[in-house]
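Undergrad: Chains as they are written, first to last, in this note's numbering: chain A, 707 to 994; chain B, 7 to 415; chain C, 1327 to 1574.
It cannot be assumed that every hint is accurate.
What the hints assert, rightly or not - In silico DSSO-like cross-links for lysine-lysine, where the CA-CA straight-line distance does not exceed 30 Å: (1) Lys1343(C) x Lys889(A); (2) Lys889(A) x Lys1331(C); (3) Lys890(A) x Lys1454(C); (4) Lys1336(C) x Lys790(A); (5) Lys864(A) x Lys1454(C); (6) Lys1519(C) x Lys1453(C); (7) Lys1512(C) x Lys1354(C); (8) Lys792(A) x Lys1336(C); (9) Lys890(A) x Lys1494(C); (10) Lys1331(C) x Lys791(A); (11) Lys1395(C) x Lys890(A); (12) Lys1336(C) x Lys889(A); (13) Lys790(A) x Lys1331(C); (14) Lys1494(C) x Lys1354(C); (15) Lys792(A) x Lys1331(C); (16) Lys791(A) x Lys1336(C).
Unchecked claim - Here are the computed distance ranges between Cβ atoms for each label pair: (17) Leu762(A) x Glu233(B): 50 to 58 Å; (18) Ala968(A) x Ile407(B): 36 to 44 Å; (19) Met1523(C) x Leu788(A): 44 to 52 Å.
These are computed hints drawn from the structure, not numbers from a lab.
Backbone N, C-alpha and C define an ideal beta-carbon position, used for all residues, glycine too.
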Amino acid sequence: MQLLFNSVVAGSIYALVAIGFSLIFQTNRFMHFAHGSAVVFSAYIAFHFFSLSNSLLIAIIATLILSSILGYLMHLLIYYPLQKKKSSSVILLIASFGILFLIDNGLLLYFGSGIKNINYFGPLRGMEFFGALITKPQLIIVLSSLLCLIFIYLLMTKTKLGRNLRAVADNNDLANIMGIESKKYMALSFIIGSVLASVAGVLIALEQTLSINMGTTYMIKGFTGAIIGGVNSVPASILGSYIVGLAENFGVWFLPSQFKEAISFILLFLFLLYKPNGLFGIDKSSRK
Amino acid sequence: MKKNNIFNKRLILIMAFVLLAGLFISGCSNNQAELSELSDADRASLVDGDNSDKGQGALNREIIFQIGAIQPLTGDGAAYGLPVQRVIDQAVLDLNAKWKEDGKKLQLKIYHEDGKCNGKEARTAAENLVNQKGVNIIYGGMCSGETLGIAPFTEENNVLLFSPLSSSPDITNSGDYVFRNYPSDTAQVATMIPFIVSKGVKTIAILSENTDYAQVLRAGYLKQLPELGVKIVADEIILSSAKDVRTEILKMKSAEPDAVILLPQTIPMTGVFAKQLYESNFDADTLFFSNEIVGLDQAVNEFGDFMKGYFTPEVAFLKENNEFSSKVIADTECDLGYYCASTYDGIFLLGDVLELCGDSDTDCLKKEFDALENWQGIMTTSTTFDENGDVAGDFVISQIIAGTKLRVN
Amino acid sequence: MTLLKIHNLKKSFGGVKALNGCNFNIEKNKITALIGPNGCGKSTLFNVINKLEYQESGTITFLNYNISKIRPYLVSELGISRTFQYPTLFENLTIRDHIEMAMFNDDQKFFKSFFIKLFGLKKNNDKKIIEILNLVGLEKPLNTLGSDLSYGQRKLLDLAIAIAHPHKLIMLDEPVAGINPKLRQKIKEILIKLKEMGETIIVIEHDMNFIMDIADHVYVMESGQNLVEGKPKEIQNNKKVLEAYLGE
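Based on the provided sequences and hints, a complete structural model is requested.
TA: Here it is as structure tokens:
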């Protein structure tokens, strides 16, 4: 039971990262690896505003706003000009690495390398719950992620905005011909993705000591989850992320703990080689 | 046709401004906290060697000794690398001031490089220092991995390597020009093991970070504890990038050990271990032992609430009730106990040896290091190097109680 | 009345001149056919009108608006619908989604579409949707995903989308390619009916019998340029057309 819960907690964070990544990939058709930087940016912003105001609410609001602006600016200032010039997805991928380094090093320059800790809850013992020990931060992670996932599901399936986003993700040209201004929806995907990354960042900041390189770690896990589930499908990416969480935690129960990180990579390579559309993803090869 | 003006330039500029304003709302003061507290003039004098014409009359510096310092300035190791850098800078300033006061025409000039607590990076840093800056003395690394990475290069190039903090036993035989004034980990393990056994521990779990330093300690425990009747029931090695070790801790807990040994490399990893162990509700009788990283003041200040009752070792060479050291530590904001003292005194030791030689000739320096006996530091007690460039090790053990450390042996 | 005017349009892909100075006038309430050998630039012309591609030179005027350089979604707003040679749908959206998106163009507006409409509050457009589907003869549940339709059904839905979308001009790219004779006949009847309703249609096709039966005016293209134009019967017997196209 504890293993299962550990997996769910880990998978929840990965899922938040994976949805944003998957949404941006679907609408913009390239891998936005700087998405991990949005996570770490959010975590540091949350820490920063919490330190200033001692109010978690202010920290959360500031993080959501600033992260969404960051996501929009990444699209507008870097990706969109390249897309206008019809740059290939490889060029955009390289640009995303550039943004990743820029943001990570910018954060390092501004915040320094010292220990950053929100420590909002103080020392907490785990609470017993059906045989598993759960802490408040972990419960908040699981519940917040669940709420976000439900919200995204409703947004994508029950609203016209979500439908239009899915249309742009499905077929950009057809969407334009039907009167959807795809450029705006591509930008919106960055905003939504960055907001989800900011939720992940805040949850991580509540639970852990911050470090600059954690964005890359979570990006890899989220990316792996998206690939395993199916990067062309947001629900599949969510499921894939929980599979990564399960694989890591159950895997390390039986294997030496040094293999924990390797498990994600092994899964990633296997799926890229043998099932690149993921377990539940959609084969877009028949698309125009 | 409707004109689309929602995302016009003005809005973009406003959004960019909000983002930047949000980031700088604290007045940009935070990022200065990590930098040295030295004034610009002081900083300039360390690197340029020119503090002679600051309105105090010209000074004719005849001998300028150039050294390089390698410590982790980025990454998790920066949590102690940055304070150590500040201490080095302060020590160099104080040494230069002392020489000036004594009328000696000597000056120490220092270049810092980032070793990132990694052998490969540290070696690159050493190459930069030697090839580009022309130094033939390197002060560092701070992490054992850094020193082990640098040593082959410095040996090849006749460069003196002097580390104030590296403790891996592998450094003992890493070269004729390698010296350190920090005891080998074998001494730490040798101190902890009898103490662990004396607590009646029969079964033990080890949680270690996958770095040179932590693995050497782990190897020591793995080898010696079973010989004394203590069974290793769980042994988990954690990668430095890991943030979630709950499953590994669950494995340890399910083995029901009498005690747990924590062996992190860095203070952030100390936090990861300590917090998640605390949340895992180990049996109240479980004892916790650690390496000296856990007992560093910075770690105890940050994570002391999660480490109640932890037994942690510390080098016994610290001079107690030392007002000067308290002042230096406060000025440089180095809350790392012996690390600060060893680093500070190491500069003065090096200064004394340079003064004896009169230049940076490596063979002369080596000879003087070898000949050193009972050298008394400002903050640390006697230093004597053995034939391998090591110092003897004496450790004391403290217990973390209510956010402070209390000596227990 | 000329609805769409194309003047001296040029478009190249690398060294290949897909459009090499072609000119067309599309009259209102008429079915205009566009024929020519494979690779002569017909689909490229459609893409340039729709702004999926941009011409290098030349002008396109629709309802007296110069649409040479505008964005694709604005072309759609002005009232140009089209279908694709290979029926292009949203694989993960339902038939209902497709028709709704096509019908309610103003709902594509960015902030207006932001508000959530939950169960029970959503306006029911099924009646209107079914009317359109009946017009094209597509008998499938409205919740059917685009990916679950057969080729012929995709053709019909593609056509339904073009019809549902508020338009003044419909562009059909090979509407009867690859479908059975029965369905072909159906589509012919639909187009004739649309014309009787006052629609303006451009059709790209290779099926000459199909063209002869429905077109009011025919343009023949070759190598990105106009070859000849005229009534269907005139084109059918034109020597140049026979050489360039029918004689291959």
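Undergrad: With reference to the structure, classify each hint as holding or not holding.
TA: Hints, verified against the model:
1. Lys1343(C) x Lys889(A): Given pair Lys1343(C), Lys889(A) holds - Cα atoms ~29 Å apart, limit 30 Å.
2. Lys889(A) x Lys1331(C): Distance of about 28 Å is within 30 Å: holds.
3. Lys890(A) x Lys1454(C): 29 Å, holds
4. Lys1336(C) x Lys790(A): 21 Å, holds
5. Lys864(A) x Lys1454(C): Holds, because 20 Å separates the two Cα atoms, which is no more than 30 Å.
6. Lys1519(C) x Lys1453(C): 21 Å, holds
7. Lys1512(C) x Lys1354(C): Roughly 23 Å separates the two Cα atoms, so the pair holds.
8. Lys792(A) x Lys1336(C): 20 Å, holds
9. Lys890(A) x Lys1494(C): 26 Å, holds
10. Lys1331(C) x Lys791(A): 29 Å, holds
11. Lys1395(C) x Lys890(A): 18 Å, holds
12. Lys1336(C) x Lys889(A): 26 Å, holds
13. Lys790(A) x Lys1331(C): Status holds; Cα separation ~27 Å.
14. Lys1494(C) x Lys1354(C): 9 Å, holds
15. Lys792(A) x Lys1331(C): 28 Å, holds
16. Lys791(A) x Lys1336(C): Roughly 20 Å between the alpha carbons, so the hint for Lys791(A) and Lys1336(C) holds.
17. Leu762(A) x Glu233(B): 50 to 58 Å: At 51 Å between Cβs, range holds.
18. Ala968(A) x Ile407(B): 36 to 44 Å: 39 Å, holds
19. Met1523(C) x Leu788(A): 44 to 52 Å: 45 Å, holds
No hint from the list above goes unmet by this structure.
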